[in-house]
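Q: The task is simple: from the sequences and hints, build the whole structure.
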Amino acid sequence: MTLELLLIVAFGGAFLTYFLGKISSSLRNGFAVLNALALVVMTAFLYGQTVEKNLHFGFLGMPFVLRINMLSWFFAITIVGIGLLSIIYSLKYIENGKKLDFYYFTTLLINASMLGTVICGDLISFYMFWEIMSWSTYLLISYKGGDKALFAGIKYIIMSIIGSLAMLVGIISLYTHFGTLEISTLAIQIQGASLNYILFILIMFSTAFIIINAFWPLHIWLPDAHAEAVSPFSSILSAVLVRKGMYGLYLFMYVILGLNILNRLKFGFISFTGVFCWIGAITIVFAALTALLQNDSKRILAWSTVGQGGYMILGVAFVTPLGMAGGTFHILNHCIYIALLFFVAGAIEYRTGGIRDLNSLGGLIKKMPVTFIGGLVGIFGLIGLPLTNGFVSKWLIYKTLILGNRPFLAFAAFLGTWGTVLYGYKFIHNIFLGQLPEKYKNIKEVPFTMRIPIIILTILVFLFGILPGIPLKVINAIGISLGFESLDVTLWGIASETGTLNTINIFAAILIVGIIIWLIFKAGRKAPKVDQYDNYAAGSAIPKNKYNYTVDYYYPFTKMISPYLKDIFDLFYTKIANTVQKLCNSTRKIYTGYVGSYVMYIVLFLAILILVQLKWGVF
Amino acid sequence: MDRNKISKWLKNPGKMAHKYSFHVVYFCTGCGIIEIPPSITARWDAERFGIIPVATPRQANLFLITGYVSTKTLKAIIRTYEQMPDPKYTVALGSCPINGGMYYDSYNTITSLDKYIPVDGYIAGCMPRPEAIFIGVTHLWKLIDMDKADGYKRYREDYVHYRANQEQLFGELEWPPLFIKEIVK
Amino acid sequence: MQISEFILSPLLALIIGIFFLGLARKIMARIHWRYGPPITQPVIDIIRMFSQKAISHGSIFNFGLIFSLTGSIVVILFLPIGKMCPLSSGGLLVILYLMLLAPLGIALSSGEAANPNSSIGVSRKFLLALGYEVPFLLILLAVMAHYHTISLIEIVRIQANTGWSFGSLPLVLSGIAYFLILPAILGMRPFEISGAAQEISSGPKVEFGGKFLAFSTIQHALHEFIGISLFVNLFLGGWDLFGILEPISNTIWGIILGIIIFLIKMVIIFIIELFINAVFPRFRIEQAMKYLWKWPTLLSFIGLLIVVLFN
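Protein chains in written order, with this note's numbering: chain Z, 1 to 619; chain D, 620 to 804; chain Y, 805 to 1115.
Among the clues, some could well be false.
Under the rule of at most 27 Å between Cα atoms (straight-line distance), these lysine-lysine pairs were calculated in the DSS-like manner [stated by the list, open to error]:
#1 K366(Z) <-> K857(Y)
#2 K367(Z) <-> K92(Z)
#3 K529(Z) <-> K772(D)
Short, incomplete list of chain Z residues facing chain D, as computed with Cβ under 8 Å [said to hold, decoys possible]:
#4 F521
#5 G539
#6 S540
#7 A541
Hints are computed from structural coordinates only; laboratory data are not their basis.
No residue lacks a Cβ here, since even glycine has one placed at the ideal position from N, Cα and C.
A: The following block contains the structure:
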């Protein structure tokens, strides 16, 4: 009963919001928030249930199955949670935009379709929801209009369609082979198939998932899409939408295929999961280093999303309980802090009138302290500082890699962390630290409804970092349901036989030492606060707006690296697209619009037919 | 030099620390800076007394005005002096800061530095040799012992007059007054 | 015993770190044929800095330094000094991550100072860190893969039984690579770019005065201590000196002698680094990065390859 209700509330709410918007805008806003809140509450009530529901009014005679288990619940709660926060955030953010009904409708539709993909239990409805999600994402990426937004949208939709078509090929092949598309039946029947066939199916489906999750060779749509979408939607895109690829990989690799087949999928010494691990490693390093070259606040975060996806697949494709826990936990953590960071970037955009260029901002900590705290905590989580949630998931992933005797992958992961420190600090420094330009002297803090999501996500970052047992319990249950053995999860960490992690030690140490140092600091002579213009400049006056080092923040390094760090796949795909366009353009020229040439075509064709008949007597 | 007398350290560590850890602002204000590199390098090693130059005034506590002070440099000197943290000491080298020295009748230099920033002591000479600078430092130690090296306190108490002198020389100053309360009353 | 370790460990690190600062100035002076300040000069400096009334640029200016000093002391709590190691959950990974707290704290503080000298200093500091982290991570992974553990106490214990890492054949190249990047980790010449007094007016410390400068000096001292003690623990056997401590291993004398042997090793390495510091100028940041990503990276990469193939 409740699963269908969930879907009805989600989809119905989207449509109803559109129509309510025609009546009054505050009614629509309130209803959108209530809808998202209702979804959160309903999903929370579904915790712990394992239900599979078979509804017989399916499509083409196939049943429509809805199911929920721990894995689906985990993804569903992130979807509706971030959806609610995004709707609250966009109340004020997009207040003065145009086509607002369309915006709220599309956002709620995306939420609903994502929810649909995780709670459905057969592949045809999975494909249906997936397509709805793709199309509505395209609509919202190009919502702002203009050249760049449309280009970003087209790039996204073409790649997404290629992925979806590959998935369709896989689905049709599965149907003809096994005669059913229900996931639970498939899981049993596919155990007997040949390895080659399984590899074919996996490659077809993985294409779709790799494209959506933006791993390395197929990541090119992500930076443009994030940079051009509106900020509340960018946070949904980064936090939960790209992780649908991860959900798809879970569905295929673990739920349908299961551990036995995964462990058998080797060809020589190259295993299917090994290829994924290397894709993840290359993604981490490539994205971390490319992010250093960016000058747009949302592009840096977009490349960050690409990179963190590599961590998740490194953990998940390692097929051990600790790795699976690390990868899954990283999905949750990443979704929290990247949403937080996109909210912060959006707040800056909102107050400065759309400025995303990192080279022209500075010193905003003095005017927007809450936003700064949000950005700082987000960056700490991204780096994986101890006491934040990112640290626990990264610790699990590193431990898996080191103890699994893959030190080169661990090296790639560590290098990604240091790249993250650099671009994270660049993000914080260029926006919030440094000298405040004169034109931003009168900026105020963001309004209250925009502050709520930032504050909530900040608290979550620390909560899951200090008490990782809360999400780890859920993740352990997921691991058990997928066939792994259970981990020894405590409230403060994980105790495994090869070393424990006890965040209570770290937390207590930092707290006590911090308090002692703070008391010593207070005991010193009081230091009054001075203006930013009372600064060292070798005895000269401080020039306003110019005494700031932000442009090309890591210039010596970017100069060294940028010849080697071209996004060759982006250039490659753009070249293919341009060539196809030119080909089509020149093919179009046969339509001259001049009747004489059409007559000539007809005559030529008849002549060829006559020639063929005379020579070979075909007809 | 009473650096090794532990009882004095225990009685007044702040004062003893100030005596034996002079960090000099590395700002060459005039011709006398030529005598400073010999003092801090191997031949007349100033570091054995704890004297070392530092990069910025925020980290320093001794300001050496080495020679004549032109009006252009005086602005930088005043800004640098105000950026130093309390307690701080100023020592002027040469005869130009005392009474104008060789440039007493120049349109471009000032004749009495003490009108603009407080000076704790002068070292006579044109330029004083490193040995003279060291003897001057020992005199500064004695002044600190007797609590007479209170230039920074005088600057705070008489800021109105110092500011008035500065404004008389320069006209409108670009930097706001350092101690607002004193100006307001 | 446990509570005393918590107090003794940071205290010892503080004293030895400040002693190292004084030793550095004295030995450099002697190399220059001068007398130099007394070895207790940093103590005098720190007392004087605490008695000065500095200015602040905002609350993150204050918070950043407290954060960074906290980070350094917490790392000390996780490091084995001799046989003392108060906290040990999570092993080398936690230490690596906790070492991130200190530079981030200083970076936040100096960022709020709103001075481009400090911003440039921090960018160079992070770039230098990226430079030495590449060979450093390869070296750490080689050691962790060779001993099949992520716990630093385990690594020290295994070395006590089987000999120093520097002497065990697969890890020789990694040891040499570590020695080549040690000046970069410590911030000594030729890699002193980030705190350069002349080029960028002392970089991140440009607006620090009074108690802020005192905290920054203490943090620098602790950072040097951490850098050298990691090297001694990972490659030079920690508290072990060819097994002479075996008979008195668990008594109080064993522990004290273990700490003394550890400190002697640290002093020897520090003096060697000081000799390198005395003769080299500073590299520019691109020269530094090119060097760090060339020979030490190559050596540590080959070292890791050897360890992986050996097992």
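Q: Does G539(Z) pass the interface hint, meaning its C-beta sits closer than 8 Å to a C-beta of chain D?
A: Where the cut-off is 8 Å and the nearest Cβ of chain D is about 3 Å from G539(Z), the hint holds.
Q: Let me know if the C-beta of S540(Z) comes in closer than 8 Å to any C-beta of chain D, holds or violated.
A: holds, 7 Å
Q: Using the nearest Cβ pair, does F521(Z) come within less than 8 Å of chain D?
A: violated, 16 Å
Q: Holds or violated: are the alpha carbons of K367(Z) and K92(Z) at most 27 Å from each other?
A: Judged against 27 Å, a Cα distance of about 19 Å means the pair holds.
Q: Within a Cα-Cα threshold of 27 Å, do K529(Z) and K772(D) meet the stated pairing?
A: Roughly 20 Å between the alpha carbons, so the hint for K529(Z) and K772(D) holds.
Q: Quick one, are K366(Z) and K857(Y) close enough, alpha carbons at most 27 Å?
A: At roughly 23 Å apart (the allowed maximum being 27 Å), K857(Y) and K366(Z) satisfy the hint.
Q: Is the hint on A541(Z) kept, meaning its closest Cβ partner in chain D is under 8 Å away?
A: At 5 Å from the nearest chain D Cβ, A541(Z) passes the 8 Å test, so the hint holds.
Of the numbered hints stated above, the single one contradicted by the structure is hint 4.
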